[in-house]
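Number of protein chains: 2
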Amino acid sequence: MSNFKQAPHKLLVIPGPIEVHDSVLLANATPGTSHVSPAFVPVFGDCIRMLRKVLYAEKTGQPFLIAGSGTMGWDAAGANLIEAGDNAIVVDHGYFGAAFADCLETYGAKVTKITAPVGGIVSDEDLVAALKSQKVKLITITHVDTSTGVLAPAAHYSKLIKEHSPDTLIALDAVCSVASEEIRFDDWGLDIVISATQKGLGVPPGLSVVMASARALETLQNRKTPVPSYYINWNRWLPIMRAYEEGSAKYFATPPVQLIYALQVALKAITEESPSLEERFALHKKVSNHVKDELAKLGCGFVPLSRDIAANGMSAVKYPEGVSAAILPKLAALDVVVAGGLHKDIASTYFRVGHMGVTVTDASRGDIQKVLDAVKTVVTETKSA
Amino acid sequence: MSNFKQAPHKLLVIPGPIEVHDSVLLANATPGTSHVSPAFVPVFGDCIRMLRKVLYAEKTGQPFLIAGSGTMGWDAAGANLIEAGDNAIVVDHGYFGAAFADCLETYGAKVTKITAPVGGIVSDEDLVAALKSQKVKLITITHVDTSTGVLAPAAHYSKLIKEHSPDTLIALDAVCSVASEEIRFDDWGLDIVISATQKGLGVPPGLSVVMASARALETLQNRKTPVPSYYINWNRWLPIMRAYEEGSAKYFATPPVQLIYALQVALKAITEESPSLEERFALHKKVSNHVKDELAKLGCGFVPLSRDIAANGMSAVKYPEGVSAAILPKLAALDVVVAGGLHKDIASTYFRVGHMGVTVTDASRGDIQKVLDAVKTVVTETKSA
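Just so you know, the sequences run in chain order A and B. Letter by letter, the first sequence follows residues 1 to 385 of the UniProt record's numbering. Letter by letter, the second sequence follows residues 1 to 385 of the UniProt record's numbering.
Certain hints may be false.
Mimicking DSSO-like on lysine-lysine, the simulated pairs with C-alpha atoms at most 27 Å apart in a straight line are [as the list claims (entries may be wrong)]:
hint	chain 1	residue 1	chain 2	residue 2
1	B	Lys53	B	Lys250
2	B	Lys10	A	Lys5
3	B	Lys330	A	Lys250
4	A	Lys53	A	Lys286
5	A	Lys10	B	Lys330
6	A	Lys132	A	Lys110
7	A	Lys250	B	Lys344
8	A	Lys268	B	Lys10
9	B	Lys268	B	Lys286
10	B	Lys5	A	Lys5
11	A	Lys268	A	Lys250
12	A	Lys370	A	Lys5
13	A	Lys110	A	Lys135
14	B	Lys250	A	Lys330
15	B	Lys383	B	Lys370
16	A	Lys268	B	Lys5
17	B	Lys286	B	Lys113
18	A	Lys297	A	Lys376
19	B	Lys162	A	Lys250
20	A	Lys10	B	Lys159
21	B	Lys10	A	Lys250
22	A	Lys224	B	Lys110
23	B	Lys344	B	Lys383
24	A	Lys344	B	Lys113
25	B	Lys113	A	Lys318
26	B	Lys132	B	Lys110
27	A	Lys110	B	Lys224
28	B	Lys113	B	Lys159
29	B	Lys224	A	Lys224
30	A	Lys159	A	Lys110
31	A	Lys224	A	Lys110
32	B	Lys10	B	Lys286
33	B	Lys135	B	Lys162
34	B	Lys383	A	Lys10
35	B	Lys268	A	Lys250
36	A	Lys113	B	Lys250
37	B	Lys286	B	Lys250
38	A	Lys5	B	Lys344
It is worth saying that the hints were derived from the structure and are not from the lab. From a predicted model like this one, the values you see are computed outputs, not experimental measurements.
Chain A with its partners taken away, still in its complex shape (with noise of 0.2 Å):
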């Protein structure tokens, strides 16, 4: 079944789900295997490893993957580590920090919101602020928020963090980065990263990512309330996943047995083939800037305030002139699929294009130039109509 084809179909281009390569389906159409099988305890294994150098975490990271979304990975952040009362700081870039916010308010954080205008990054002097004003047990941040395509400054950041607050555990939202930007786990000290298999890892959704560090273990240790959730408690998933790593199969609940399997061949193919992980984030980059530089000749503004604050993942690209969502379905027409605006203050002036995973790696498939063919047919039949 090695030439298996995945059926015809319009160019998925949206922020997440992303297109997915034929050998990563294939490996989620596996047939049917037993969650404790010797075939499939070493694929899981893989994975937990895996995920390690694609987060260059590999001094103390510590996966966790669990049937459920990125969405759950906040909840399990805001479940394992927060005790009602414990102070919070939400750095908020757009729609997924705000509701960021509202899942550690769940658990009783009381949550200091940061919120940049729109299209712009928390200032230096805010953040450091608000962590000298408090003791502060979580920060968050959105790394790619899709609503504005904003990319927050993760490395400096954590660095301000770690000099004004260093007790204060840094936990990353990278649902719309991991692999397509650089993430440095161990190397800027990040506590938790969250994110989840749809968008730059190249895999179907259904499968909750996450790396936690051994100071958010240890923060999970000494909690002095028990863990107020059942499914997404760690302390259940810690045996199960340190058994599957050292080669045995442990049971809490069944694991989505296909999408780790679809996970482990797009892994080995982040982290064993061409190009390195390295050379993948230069190539994010490098495409991003083509799209958003061809994107502007059309006409197009962009909702990040400036290209250094601006996402390689995706583009949140205003409408030009005279143009409106309207094109949308135009687009669909010409079997290009992009996303409509997201952050409700803007909604209808910007739509979203992701350049993630295969679209960007591999040039033959003719993703990148099949999308600015598209938009510029439908941006100039607009203007001229």
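Chain A is fixed; fit chain B onto it per the hints.
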């Protein structure tokens, strides 16, 4: 790609995950598709509608299809329906009943666990006495406890509960019974049915399947305290499920798109193709009796104390004298994967065989004969060694 054939593999006859039909696996390899696309919306809607049919829940049933596992369905029931101090009863027929009690206690329930002798069921007297001794918010029944192969008399228990404690919400853990045992949600007056995709539904794991009654949703609305979880808060999911059913997309967290395509194919086969739903249940019973009769001829016993409380989708089989778990790798070497014992008190004395889904409904596969032949071979070899 309609001629897709899955890779050759060992026959998977554990009590879930089970064998998956080629057409379902192919749907699980659907190309990357937007979770809010016009292509996907009706697929999700179809699944919601067809699930009601499978559970005879067309009067008041509200399905929730959320990325996760069967265990996450327990968590959803606990988090959404229990408030600290609520009384709950767990009808405990094995490992899964006992674990459900842990789950409810996480949310502050005062749990009375009525534990049946291993292989037996809770008596009417014990059930009624527990119901009468307190005001009970929620009672949970594991329909088929996979650890013992015991089938709870769910209709009978429901009737008793309605008679003696009509306000008590009834939750049926149907992870290992949906689509292999009859469940009449409306007629029996169930409030919650919890399942997953990888057992009788014949889909890969990774999707939590829950049905909630109007009464359960009222209980949720009348809570005095907020739902103490973020991701599995039904208040967040209800508008999503309703939107997809009505034909529009709405976002809270990304659904597992490919698994929902796969579920659609599986549910269509169950609700629209031969055998009919009624015939499907009868067929599972017939095949179950055949398997049990044939295994008995080899000297096997059974964990359930009598045939009328034995599941029809699986068998918990006691090793014949002189035979032990050492036969499991020998069966695997014959390409037949069964499961070992799970109940801690008797784990080494029995094994478990699943007979669900295509293994039962498609006789042309020859799965059942293959299992029986393999067991006969290894038991005979072992006894004569």
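So, going through the hints one by one against the coordinates:
1. B:Lys53 / B:Lys250: Given pair Lys53 of chain B, Lys250 of chain B holds - Cα atoms ~24 Å apart, limit 27 Å.
2. B:Lys10 / A:Lys5: This hinted pair holds, its Cα atoms lying about 24 Å apart.
3. B:Lys330 / A:Lys250: holds, 21 Å
4. A:Lys53 / A:Lys286: Satisfied, since the Cα-Cα distance of roughly 22 Å is no more than 27 Å.
5. A:Lys10 / B:Lys330: violated, 47 Å
6. A:Lys132 / A:Lys110: Holds: Lys132 of chain A and Lys110 of chain A sit about 15 Å apart, inside 27 Å.
7. A:Lys250 / B:Lys344: Distance of about 14 Å is within 27 Å: holds.
8. A:Lys268 / B:Lys10: Within the cut-off at roughly 25 Å; holds.
9. B:Lys268 / B:Lys286: holds, 23 Å
10. B:Lys5 / A:Lys5: Given that 27 Å is the threshold and the Cα spacing comes to 13 Å, the pair holds.
11. A:Lys268 / A:Lys250: At roughly 24 Å apart (the allowed maximum being 27 Å), Lys250 of chain A and Lys268 of chain A satisfy the hint.
12. A:Lys370 / A:Lys5: holds, 20 Å
13. A:Lys110 / A:Lys135: Judged against 27 Å, a Cα distance of about 11 Å means the pair holds.
14. B:Lys250 / A:Lys330: Holds, at about 21 Å.
15. B:Lys383 / B:Lys370: This hinted pair holds, its Cα atoms lying about 20 Å apart.
16. A:Lys268 / B:Lys5: holds, 25 Å
17. B:Lys286 / B:Lys113: The given pair, whose Cα atoms are some 33 Å apart, is violated under the 27 Å limit.
18. A:Lys297 / A:Lys376: Roughly 10 Å separates the two Cα atoms, so the pair holds.
19. B:Lys162 / A:Lys250: violated, 39 Å
20. A:Lys10 / B:Lys159: The given pair, whose Cα atoms are some 52 Å apart, is violated under the 27 Å limit.
21. B:Lys10 / A:Lys250: It holds: about 21 Å lies between the C-alpha atoms, which stays within 27 Å.
22. A:Lys224 / B:Lys110: holds, 21 Å
23. B:Lys344 / B:Lys383: The given pair, whose Cα atoms are some 26 Å apart, holds under the 27 Å limit.
24. A:Lys344 / B:Lys113: violated, 48 Å
25. B:Lys113 / A:Lys318: Distance of about 59 Å is beyond 27 Å: violated.
26. B:Lys132 / B:Lys110: Status holds; Cα separation ~15 Å.
27. A:Lys110 / B:Lys224: Since the Cα atoms of Lys110 of chain A and Lys224 of chain B sit roughly 21 Å apart, the hinted pair holds (cutoff 27 Å).
28. B:Lys113 / B:Lys159: Roughly 19 Å between the alpha carbons, so the hint for Lys113 of chain B and Lys159 of chain B holds.
29. B:Lys224 / A:Lys224: Roughly 25 Å separates the two Cα atoms, so the pair holds.
30. A:Lys159 / A:Lys110: Satisfied, since the Cα-Cα distance of roughly 23 Å is no more than 27 Å.
31. A:Lys224 / A:Lys110: holds, 17 Å
32. B:Lys10 / B:Lys286: holds, 24 Å
33. B:Lys135 / B:Lys162: holds, 13 Å
34. B:Lys383 / A:Lys10: violated, 60 Å
35. B:Lys268 / A:Lys250: violated, 34 Å
36. A:Lys113 / B:Lys250: With a Cα-Cα distance of about 25 Å, the restraint between Lys113 of chain A and Lys250 of chain B holds, given a limit of 27 Å.
37. B:Lys286 / B:Lys250: Not satisfied, since the Cα-Cα distance of roughly 43 Å exceeds 27 Å.
38. A:Lys5 / B:Lys344: violated, 46 Å
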